[in-house]
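Engineer: Each chain, letter by letter, is given below.
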Amino acid sequence: MACGEPNRLPILEARGLVKRFRVRQSLARRTVVTAVNEVSFAVRPGETVALVGESGCGKTTVGKLVLGFLPPDSGQVHFRGKPLTSLAGEERLAYRRAVQMVFQNPLASFNPMMSIGAALLDALRLRSDLSRREKEAEVARLLQRVGLEPEMAMRYPSEMSGGQLQRVGVARALAPGPAFIFLDEPTSALDMSVRGQVINLLLELQADRGLAYLLVSHDLRVVRAMGHYMLVMYLGQVLEEGPVEEVLAHPLHPYTQSLLAATLLGLLAQAPAARRVRVRGEVLQLPAGYRGCNLYRRCPFVTERCQQEPQVLAEAAPGHRVRCWRVLDGAC
Amino acid sequence: MSEQALLQLRELRAVVGPREQPVHAVRGVSFTVRRGARLGIIGESGSGKSMTALSILRLLPPSGVIRGGKVLYDGRDLLRLPEPQMQRLRGREISLIFQNAAAALNPLFPVGEQIADVYRHHEGGSPRQAWERAVAMLDAMGIPDAPRRARAYPHQYSGGMAQRAMIAMALICSPRLLIADEPTTGLDLTIQAQVLDLIQEQVQRSGTSLVLISHDIAVIAEVCEEVVVMYAGEVVESGPLAEVLRNPINPYTRALLDCFEPKEGRRLPYIAGRVPQLYQEPKGCAFFNRCPQAREMCREIHPPTVEVAPGHRVACHVV
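In order, the protein sequence lines correspond to chains A and B.
So the first sequence is numbered by our numbering: it starts at 1 and just counts up by one.
So the second sequence is numbered by our numbering: it starts at 1001 and just counts up by one.
No lab work stands behind these hints, which were simulated from the structure alone.
Among the hints, erroneous ones may be present.
As the list claims (entries may be wrong) - Here chain B is said to cover these stretches of chain A; the calculated rule only asks that three of the stretch's residues, wherever they fall, bring their Cβ under 8 Å from a Cβ of chain B:
#1 186-198
#2 217-229
#3 277-284
A virtual CB, placed ideally from N, CA and C, is assigned to each residue, including glycine.
Work out the full structure, taking the sequences as your base and the hints as a guide.
Structural biologist: Okay, structure coming up:
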């Protein structure tokens, strides 16, 4: 599967994913929260799709849906063109091997009582084609591949730096021979000076093996470095999506603009108008049956119409879609 | 020295950890906070920035010991102040806010009560007066429906709200200096921007000086006028923010700024190697093993601090 082919089959595809949770508000009252609302995207070999948004926007739920940890209420996840629900036996196992994850906090995602080598051997369980000795050789190879000495297999997680341990996290995800890796804030627990090491490693692996990544990050610097396509999510909905370079250079939605304003990218952005946009208040639960824009109480540009009219995600520029009628009508 | 200085650190040194093998966390730190100024300290984990802040208030963890130097506040050396006087100063003249606000609040008492306690401890007055003052403070911090929220408990606050409450508590006695240690780390981006706006607004309005500690230059660039760059327990560069951002001289500052704002391509710059373990103080420059411009003398000779432009100081042999 060569990179750069325009019509490569997606490895993983989300089609109209919806996930609702029943949440208990008090002893007597329960409400339904729509954590993911009509989210669609496709991740192709050698490509990174980035999900950006704040806590509660549904990005983690999207991750759980594509990893098959949660069933969607409607919509489908497709693996190499087939719905997840249809996979059984060998195919199900192939999906399990092909889809892996790197966690946010490397220290919390390793068993402190298990050596690095033992943790990697454990991750090789799915490789039933390898003998015990081959697996041990594979552990050394994996460590070398992520730029660590094979001797590090003897160490325990507490004896490593955050950057080293996150490399082991990457090695563990590589162990079963994946085609797709879900990267959940892979560098946010790391110091600025080592973030680049982990990101460069992920970029190299992607170039080498044509890996597809789904990246969750609130750090737009990481998104810019790694992402090809990005979706900005808020309260379960996609508010803006498009190629990363396009969205970061010309953010259209007030929410995306406010995210950019909060980073140094914003300070130096080509679009200086975006700089001072601030959304007000905090994430609010929406009243039941509400159909207007999810951002309405926080948006600095809100009007009557925003509260009443359902917003649609529509193309504002070639390949660049936004869910805001003001932008689409050319009102701003 | 100058009338403008509110706080001056001079060659401050502190160690933490077991007595047999302490970590030299703060190694001769000097900087000045002018009255009404906003100064940022940037550094990575282990650079000694938090330990420096805690040393100012003499709040080091039990294993921490201040080994020397001076902390001149309004001309008085805080390191020589008797503890009762120090206690009167904390929270009244100098306040501190932490990263995880929700963890800094007592879960068993309503938030408003905890804020009122601080006021009564320092200023006296009736419980009722203190309560009203606490509610007014929460309101001023942009907490909606403050009289009701004041009666709520910390777990009923979101992260952003808890940080607003911490700021209310820190500012209720109108301190002259606010030390904020990573006040927005862990908060969502839009909330982070709101909290930074709030801090900036409040200190500007009351003329409070600010020391803002962060690992993120974007946070410091948003609020501060001056910056101090720390590495391995030392100040490696300091000066007016715009000047340091435009013209960083110490190779560490340059490398760190590059990590934030890559110049070219998709690959991100990083600093190879690790921060040295400070069980022993390095003889020469602590950045020696990671520095792209290191020379032989850097290993042996500790770099002196040189003023390269008005107020812009650099500790590096390259200068």
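Engineer: Decide, hint by hint, whether the structure agrees.
Structural biologist: Outcome of the hint check:
1. Remark: the region 186-198 of chain A is confirmed as covered by chain B, as 7 of its residues place a Cβ nearer than 8 Å to a Cβ of that chain, reaching the required three.
2. Counting residues of the region 217-229 of chain A whose CB lies closer than 8 Å to any CB of chain B gives 4, which reaches the minimum of 3, so the coverage claim holds.
3. Only when three residues or more bring their CB closer than 8 Å to a CB of chain B does the claim for the region 277-284 of chain A stand; here the count is 6, and the claim holds.
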